[in-house]
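**Student:** Here's the letter readout for the chains.
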Amino acid sequence: MNRLSWFNATSLTLGFAFLYLPMIILVVYSFNESKLVTVWAGFSTKWYGELLQNESFLDAAWVTIKVAVLSSTFATVLGTMAAYVLVRGGRFLGRTVFSGMIYAPLVMPEVITGLSLLLLFIGIGLDRGVITIVLAHTTFSMCYVSVVVSSRLMTFDRSLEEAALDLGCSSFNAFRLVTLPIIAPAVISGWLLAFTLSLDDLVIASFTAGPSATTLPIKIFSAVRLGVSPEINALSTLMIGIVTVGVISASLISKRKSVRQQQEEQAAARAA
Amino acid sequence: MQRFILIAVPYAWLLALFLIPFVIVFKISLSDIALSIPPYAPILDDGIGPFFAALDFENFVFLTSDDLYWKAYVSSLRIAAISTAITLLVGYPIAYAMARAPEEWRPTLMMLVILPFWTSFLIRVYAWMGILSQEGFLNQFLLWLGVIGEPLTILNTTTAVYIGIVYTYLPFMILPIFAALDRLDGSLIEAAEDLGCSRLQAFWLVTIPLSKNGIVAGSFLVFIPALGEFVIPSLLGGSGTLMIGKVLWEEFFNNRDWPVASAVAVILLLILVIPIVLFQRNQQRQAEAET
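Line order of the protein sequences matches chains A and B. Residues in the first sequence are numbered from 2 upward in steps of one, following this note's numbering. Residues in the second sequence are numbered from 152 upward in steps of one, following this note's numbering.
I should point out that these hints are in silico values taken from the structure, not numbers from a laboratory. Note that the coordinates shown come from a computational prediction; the quantities given were computed from them, not determined experimentally. Check each hint, because a few of them may be wrong.
Each computed EDC-like pair below joins lysine to aspartate or glutamate, with the alpha-carbon atoms no more than 20 Å apart [stated by the list, open to error]:
hint, chain 1, residue 1, chain 2, residue 2
1, B, Lys178, B, Glu209
2, B, Lys363, B, Asp336
3, A, Lys36, B, Glu286
4, A, Lys256, B, Glu255
5, A, Lys258, B, Glu255
6, A, Lys256, B, Asp336
If you want the footprint, here are the derived chain A segments under chain B, 3+ residues with CB under 8 Å [stated by the list, open to error]:
hint, region
7, 20 to 28
8, 55 to 61
9, 67 to 73
10, 82 to 93
11, 155 to 169
12, 185 to 191
Where is the CB? At the ideal position from N, CA and C, for every residue including glycine.
Build out the structure end to end from the sequences listed, making use of the hints.
**Tutor:** Below, the structure written as structure tokens:
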């Protein structure tokens, strides 16, 4: 079927309007002159100016980015290892427990994860700050990374690895030279996912952050509890803009890469 | 040796930062509140014998005696169930239309559904505060249309919580249903119509049963996180909206009663085990059917 019926066209239009209108309104009204957020009083970028002068927001943004970079990098390493163990590890003692621990954090309510980690940190006497947030974020995002990477590992032709081993590669070199380049797109999207999960997280960060480290979501949440404010609208617009540009360019790059890969494969087939 | 390190590192990490914390929550839920830092009486420090002697289920008894808690559990279950049903009703037609759209549109449509998932959850919930408030855009619009005479109170009610959950979890419902409908063989529906089914009957007797796996997966993906939701009820809900995630948060941060907060968490976990196991089984059955 190539033409949309009126019913399908209506549900697509209404559906996407529902998904996007709230964010569009937010973006448009971040350029509103008036302090009253729901009354339009002319175009202005003054809230962006005020935002950039607000040091507590800038500090929080810096902490958030630091936490996100560190935790997503650790999570990518650990998650890729875990995926490899799950798909290629064979049988070992406690495998069921291991796969359970990989999948459970995905469905665990954040309040429980946050509470349990905080009680652990207090139990072992670790001061709460950037380190504890990084540990907490690494733990839940490594599970997302391992799900993304293991689904790629499952569809991947194992004989390529075996060929490398037969030709004298050590198993580490076979991983580094054969497996890793092939699963790289999944590893990169795992990293991106871990990065945005860490940027977004409010609940777990609230439990595990100490007075010395406040992340942007914690800051936004405490401001927003008092009501809608034009400064927060401006901040939200910046965050929405960064994510949109990032996601669209990432998907364009991966699309171009897969086209090039296809061309190379065709060329190789012709040469053979 | 390499294999041992490969297994041991992530295993040890998850044991230390996922499993052991739960044991601690469980342990603290069985201890007494104390006026100290940390605010609970330590157990297990004097060895295993006194540990069992000191265990008490006081906090759990307390949860059953104060009807705030069981009301919060029941109301969370109800809110999660109703919003899952609404999300299904809203999401199914969108997924259906996406699966029927011209093939070259589908990747773009998929991306448009996924994109909101990458934007901050907190911001997406916050966006509704400006829309639903007394002088917000929805009331302005309805007043302008002349549908209502005076502004409705929507923000800080349970209705706003439903809207928030449906909005933020809609992509989780659309994607698995779309995946199921996208694979559906169109000739089956044509066959049903040739054999005398009306279009509606064909939809009901062929399309719906064949997309059942997507419906079930999507419903669990909305229901499970909605049950323990904290951000949505605390920003959009009012004092009348009881949800257990919010109760746990307040018990912990405002009342500083860690043992009771832990007991609340343990019971929430026990409630969640049922839908999680059902979900796992559904996914497994689907995976087996495909291979």
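**Student:** Run every hint past the structure and note whether it holds.
**Tutor:** Hints versus structure:
no.	hint	in the structure
1	Lys178/B - Glu209/B	13 Å, holds
2	Lys363/B - Asp336/B	15 Å, holds
3	Lys36/A - Glu286/B	14 Å, holds
4	Lys256/A - Glu255/B	14 Å, holds
5	Lys258/A - Glu255/B	19 Å, holds
6	Lys256/A - Asp336/B	27 Å, violated
7	20 to 28	holds (count 6)
8	55 to 61	violated (count 0)
9	67 to 73	violated (count 0)
10	82 to 93	holds (count 6)
11	155 to 169	violated (count 0)
12	185 to 191	violated (count 0)
The structure does not agree with the numbered hints 6, 8, 9, 11, 12 stated previously, though it agrees with the rest.
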